[in-house]
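A.B. asks: Going down the list, the sequences are from chains L and Y.
Just so it is clear: in the first sequence, position 225 is 225 by this note's numbering, and no numbers are missing.
Just so it is clear: in the second sequence, position 177 is 177 by this note's numbering, and no numbers are missing.
Keep in mind the hints are simulated off the structure, nothing from the lab.
Each statement offered as a hint is correct.
Partial chain Y-side listing against chain L, Cβ under 7 Å, derived:
id: 1; residue: I101
id: 2; residue: E109
id: 3; residue: V200
id: 4; residue: V201
id: 5; residue: M205
id: 6; residue: M214
Examples of chain L residues toward chain Y, derived with CB under 8 Å:
id: 7; residue: R110
id: 8; residue: I224
id: 9; residue: R225
id: 10; residue: A226
id: 11; residue: T234
These numbers come from a predicted model, not from an experiment.
Beta carbons are placed, not taken as given, at the ideal position from N, Cα and C, and that holds for glycine.
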Amino acid sequence: MPRDELGILSEIKKNFILRKLSDGVRGDGRKFDEFREISIQTNYVPRAAGSAMVTIGKTRILAGVKIEMGEPFPDTPNQGVLTTNVELLPISFPTFESGPPNEVSIEISRVVDRGIREGKTIELKDLVIEEGKKVWIVFIDIDVLDVDGNIFDACNLGAVAALRTAVIPGEAHGLKDAKLPVNNTPVSVTFAKLGDWIVADPTIEEEQMSSARVTVTTTEDGHIRAMQKGLSGTFTWKEIEDAINTSIRLGKEIREKYLKGV
Amino acid sequence: MTLLGTASDIKLINDDGLRLDGRGFDELRPIKIEVNVLNRADGSAYIEWGGNKILVGVYGPREAYPKHSQNINKAFVRARYSMAAFSVDERKRPGPDRRSIEISKVVSEALESAIIVEQFPRAEIDVFIEVLQADAGTRIAGLTASSVAVAAAGIPMRDLVVGCTAGKADGQVLLDLSKEEDNFGQADIPFAILPKTGEVVLMQMDGDLTVEEMSKAHSMLDKALKHIYNLQREALSKSFTDVVAQWGE
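Model the full assembly from the supplied sequences, consistent with the hints where possible.
C.D. replies: Right, dumping it as structure tokens:
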């Protein structure tokens with residue numbers, strides 16, 4: 001998350017947000033557990049096997065899936081391969097730089113990857129063409145285009161939506177094109193802690209003044225599939241439990257409202 | 001352990017309700033902590049936790065470098081988690097990979113929550129975690145040893161950081177996963193707190209858990225962390241009595 005080391009967020013704005021929180025509302029008028037408007041536009045890049053442009057408020061990411069034929073890892077000859085990579089493009093935030101992935105983008109990639117993988121979105125066993133020799137390799141690449149907070153959840157939604165629309169390019173290899181088999185729908189919900197308050201789907205201002213962050217990814221069966229606590233602040237166990245329960249509830253709403261038709 | 005095994009081939013819990021290494025569900029592996037094991041470091045610690053062997057060296061607070069990493073309000077805590085090439089079954093290519101970069105980040109953040117960083121503006125505190133042999137749970141073993149090493153360096157802290165893992169294998173919630181349970185189980189939760197208040201400073205999870213299982217895992221962790229905290233404190237006080245024995249009161 002772009003913690004702005006330059007302290008660009010003004011004290012006036014910080015105080016405004018904190019005062020609002022003590023009145024029970026957020027700076028932008030939302031409830032503590034309310035998401036901003038989400039939009040998902042699939043097949044944005046027809047050249048990709050699957051793709052999705054996702055916005056959460058003013059945060060915007062573009063996820064693309066490419067599927068290539070390749071060799072399995074030697075220790076998992078009966079499984080396909082899944083990789084997830086998030087690029088924080090320099091156009092998206094003043095302090096982002098081009099170059100190899102840094103620890104921030106690696107953390108986001110790995111948290112999104114864990115949600116997709118452990119959420120059993122795709123079954124890697126379904127991707128085997130010839131055991132030990134040929135499998136499908138699914139690359140999920142996510143470009144962050146515009147940052148206004150909560151990159152984690154935008155990337156998760158993009159990855160899920162892109163996978164759900166992806167087609168395995170069999171014809172290029174003398175096979176048949178086929179829809180990528182997709183099972184579960186993991187949805188992540190990220191919370192930020194500001195003072196003693198915890199808000200879901202933080203904006204960039206809320207992130208810049210937050211002490212701690214936690215992401216909880218759940219599937220439609222109400223099970224927890226991935227979690228990640230971040231930053232140097234702390235949570236009580238009660239706060240973690242609340243985050244888990246809220247994530248299950250909001251995940252269900254997001255799945256119903258935005259992912260059903262995808 | 002067969003190389004090509006999957007979860008279904010391997011029984012991780014026997015008919016007597018014991019784990020492959022003979023432990024009960026909420027039993028820790030043996031843990032040993034030693035303090036001040038390195039000559040040049042400002043503080044250091046060595047931990048053996050099951051088959052894990054991890055050395056931690058702390059350097060600092062010292063002037064942060066490069067200069068643009070300096071923070072005028074507080075010290076910058078930089079933990080670097082690194083695995084020896086021979087520490088795992090298949091040789092690990094030396095140098096940071098994506099996994100160790102992520103671990104270094106979450107461990108740095110967890111340590112920063114305990115260290116009174118406001119006392120050292122423009123400084124950095126380097127914490128080097130070298131995993132000599134890995135046997136599941138290296139990040140929390142490394143973090144547990146790191147906080148001891150930081151304390152041994154005389155750096156002021158709000159509390160020690162104590163970590164442990166819980167998880168699920170063969171459908172059972174288990175404390176302190178072994179390597180087999182980690183590889184073939186259904187969930188893994190690295191977890192660390194400040195023991196005095198119980199505040200959570202590190203938490204990750206991957207796998208498949210219900211809310212009830214998560215709460216069960218937490219109560220196992222809560223009990224175990226108190227025990228490990230005592231081991232940390234004993235190791236630290238022993239390092240002081242050793243000095244007294246050597247140099248007199």
